[in-house]
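Start from chain A and add chain B according to the hints.
2 protein chains.
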Amino acid sequence: MEERASYQKGKDAKEFAIGIDIGGTNTKFGIVNHRGEISNKGEIKTTDYKDLDNYINALYKQLTPEIEEVGGMEFIKGIGIGAPNGNYYTGTIEFAPNLQWKGIIPIAQLMTDKFGVPCTLTNDANAAALGEMMYGAGRGMKDFIMITLGTGVGSGIIANGQMIYGHDGFAGELGHTTVIPGGRLHWGTGLKGSLEAYASATGIAITAREFLDERFKEESLLRNTPHEQITSKTVYEAAIQGDKIALDVFEYTGKILGLALANFVMFSSPEAIILFGGVIKAGDLLMNPVRKSMEENLLPIFQNKVKLIFSELKESDAAILGASALVWELKKEKEASES
Amino acid sequence: MEERASYQKGKDAKEFAIGIDIGGTNTKFGIVNHRGEISNKGEIKTTDYKDLDNYINALYKQLTPEIEEVGGMEFIKGIGIGAPNGNYYTGTIEFAPNLQWKGIIPIAQLMTDKFGVPCTLTNDANAAALGEMMYGAGRGMKDFIMITLGTGVGSGIIANGQMIYGHDGFAGELGHTTVIPGGRLHWGTGLKGSLEAYASATGIAITAREFLDERFKEESLLRNTPHEQITSKTVYEAAIQGDKIALDVFEYTGKILGLALANFVMFSSPEAIILFGGVIKAGDLLMNPVRKSMEENLLPIFQNKVKLIFSELKESDAAILGASALVWELKKEKEASES
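Going down the list, the sequences are from chains A and B. Under the working numbering, the residue at position 149 of the first sequence is numbered 149, and the numbers go up by one with no gaps. Convert by adding 1000 to the 1-based position in the second sequence; the result is the number in the working numbering.
To be clear, the hints were calculated from the coordinates, so they are not data collected in a lab. Just so you know, these numbers come straight off a predicted model, no measurement behind them. Quick reminder that beta carbons are idealized off the backbone N, C-alpha and C, glycines included. Be careful, since some hints might not be right.
What the hints assert, rightly or not - So the derived label-pair ranges between C-beta atoms look like this:
hint, chain 1, residue 1, chain 2, residue 2, range
1, B, P1300, A, G183, 11 to 21 Å
2, A, Q162, B, P1300, 19 to 29 Å
3, B, K1233, A, E219, 38 to 48 Å
4, B, L1308, A, P97, 39 to 49 Å
5, B, K1061, A, Q162, 57 to 67 Å
6, B, K1061, A, G183, 49 to 59 Å
7, B, G1116, A, G183, 55 to 65 Å
8, A, F216, B, K1233, 45 to 55 Å
9, B, K1192, A, D284, 21 to 31 Å
10, B, G1116, A, E37, 45 to 55 Å
11, B, N1098, A, R223, 52 to 62 Å
12, A, E315, B, G1182, 29 to 39 Å
13, A, P97, B, G1182, 29 to 39 Å
14, B, E1068, A, I309, 49 to 59 Å
To be verified - Covered stretches of chain A (chain B as the covering partner; in silico rule of three or more C-beta atoms under 8 Å from a C-beta of chain B):
hint, segment
15, 73 to 85
16, 162 to 169
17, 178 to 184
18, 259 to 269
The following block holds chain A by itself, in its conformation from the complex (with noise of 0.2 Å):
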């Protein structure tokens, strides 16, 4: 909270950033100032604009309105984005499977040739750790680890109260670590056992679908959902109605979770790992499984430390959030070489 009240004071009273959250389908985006609270929100729709250039124009047009409303551009810090594959260090997005920009785009410089602010660049799940550190959960942490569990398995790691990016900018991609070697097969990546086979929303799913074949004598609620229609929300809402085959997906995906994050742990030594995204909804069904596996798989100087908690930004405004974060991210950067 102290750093929430010391921006209000003097210059920064009237300073904006602007998030954008660039997702495969819509690109979402809000004007936010240092309180953390979002003024003007919009979204495009990302599928409309093939050509880069027509979707820059088309973010340009949407904004300018909502621009003039908080005082015009010079009260504009920079531009922040998040987006899938967003490389910190040179501003392009690479390779994104889920966008139809192909190959290496350099979105950052044509943002800022575009509008005339500073444009910074990562990927989502760094935003949201950024934005966790500074208007959510991770307030006044030097040492967190941010998980995303929705249709994917996302992260971004804080240490030494900076956002780790390693060489190349790509650092945290935890959604790829292996947990079983040899285990299920990555419907997207091709590798086997990664922590996003089992602990995504697609992941409790298919193994869902694996445990009804396999216990194909047992009754089940998840029976009365097409096979192929079970999502992990099917699942959740079968559990809480104590079905046991939903409980023991859960029992099993938390046990595999848990071991993951015991290895992180044992990685950076963070005071929390702070959990995000639609699978959390699962509440104690999943975290309890979790915590005990990971405290099982962990050294005894790591036990009964580590905070496991859940977002405090709303789901519909963290990734704006996060994103916005990288313009007073850089911001204090620069005044830390000027000075």
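Below, chain B alone, put in the same frame as chain A:
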């Protein structure tokens, strides 16, 4: 090389750090200049001193004439210690299983009281990583991971040009991360399937014994050595003579180590992984399968980028150099906070 050169100018020309490597059996020390040259080495037997005060008095007595030789205490900027379970933040050695001093030992404070200069402590593998960054294969790198493959498996992680200590000072216990869930029971920690259980010298010897038992009909040079006397060195010597079982031991070890390294790469995206310790004497016998397995388990965006290199420091000097590097690190931090 640039960093080295700059240290020789002006007031830095005659500054020294004391580096101390506390091991279970021996304690080695040396006086180190900014260029990483060790003068005035010495050692005492750690096991000779059940009483910590006697131990510190013995170190003081041994070091005093050495300190005089470089010009006296006024030229000593500080003391750096590498020790098992050394906590950087608190300066304490905590519950180290291989040392006879039990519980939490405030060694840095006791050393400062005795010598009258600042004393900084970290664990031995972190010290090795610092030494590598300052004087060895990590010079000029901002992101690398150091893996020590000896009796155990240790690690030190450098990201954004800084050592990652984590929230409580114990980050980088990569030897204890799980690679094979439910796998080999670790003789000391009780964890199952940890990297150290396979990739340490101890683990390699266990694998050899297991292979000899499983493939009892197959001839092997390893059968010339009594079962319990087989070490990683025995395996290496048999492997270079083309022994099939010995070669398979390195293949198996390399596959597991490579998988673990891929996970580490997807965590912090290092420029290089620097390997150190007795096990790397196996050279390509180990490294070829390591590299192959690492690349196979990486996402494409990480493939064929990460250097796998060996330490450039003499094994006998590395621990002292690494410990001494803590002193210059501390100094840098101080200068930064004072400016």
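Against the structure, the hints come out as follows:
Restraint check, P1300 of chain B to G183 of chain A: a C-beta distance of roughly 20 Å satisfies the suggested window 11 to 21 Å. Checked against the hint of 19 to 29 Å, the C-beta distance between Q162 of chain A and P1300 of chain B comes to roughly 26 Å, which is consistent with it. At about 59 Å, the beta-carbon gap between K1233 of chain B and E219 of chain A misses the expected band of 38 to 48 Å. One distance hint, 39 to 49 Å for the beta-carbon pair L1308 of chain B and P97 of chain A, is violated here, with the actual separation near 28 Å.
For K1061 of chain B and Q162 of chain A, the Cβ-Cβ distance of about 43 Å falls outside the hinted range of 57 to 67 Å, so the restraint is violated. Separated by about 57 Å at the C-beta atoms, K1061 of chain B and G183 of chain A satisfy the suggested range of 49 to 59 Å. Between G1116 of chain B and G183 of chain A the CB atoms are about 57 Å apart, so this pair conforms to the stated range of 55 to 65 Å. Range check, F216 of chain A to K1233 of chain B: about 53 Å between beta-carbon atoms, so the 45 to 55 Å window is met.
Checking the proposed 21 to 31 Å range against K1192 of chain B and D284 of chain A shows it holds: the Cβ atoms sit about 26 Å from each other. Range check, G1116 of chain B to E37 of chain A: Cβ separation about 53 Å, and the 45 to 55 Å hint holds. Between N1098 of chain B and R223 of chain A the CB atoms are about 56 Å apart, so this pair conforms to the stated range of 52 to 62 Å. Between E315 of chain A and G1182 of chain B the Cβ separation comes to about 35 Å, which falls inside the hinted range of 29 to 39 Å.
Evaluation of the 29 to 39 Å hint for P97 of chain A and G1182 of chain B yields a pass: the beta carbon distance comes to about 33 Å. Between E1068 of chain B and I309 of chain A the C-beta distance comes to about 55 Å, which sits within the given range of 49 to 59 Å. Here's how the segment 73 to 85 of chain A fares: 1 of its residues keep a CB closer than 8 Å to some CB of chain B, so the rule of at least three is not met and the hint is violated. Closer than 8 Å: that is the beta-carbon criterion, and the segment 162 to 169 of chain A has 7 residues meeting it against chain B, so the requirement of 3 holds.
Taking a C-beta to C-beta cut-off of 8 Å, the segment 178 to 184 of chain A contributes 4 residues in contact with chain B, enough for the three needed, and the coverage statement holds. By the rule of at least three residues with a Cβ nearer than 8 Å to a Cβ of chain B, the coverage given for the segment 259 to 269 of chain A holds, with 8 such residues.
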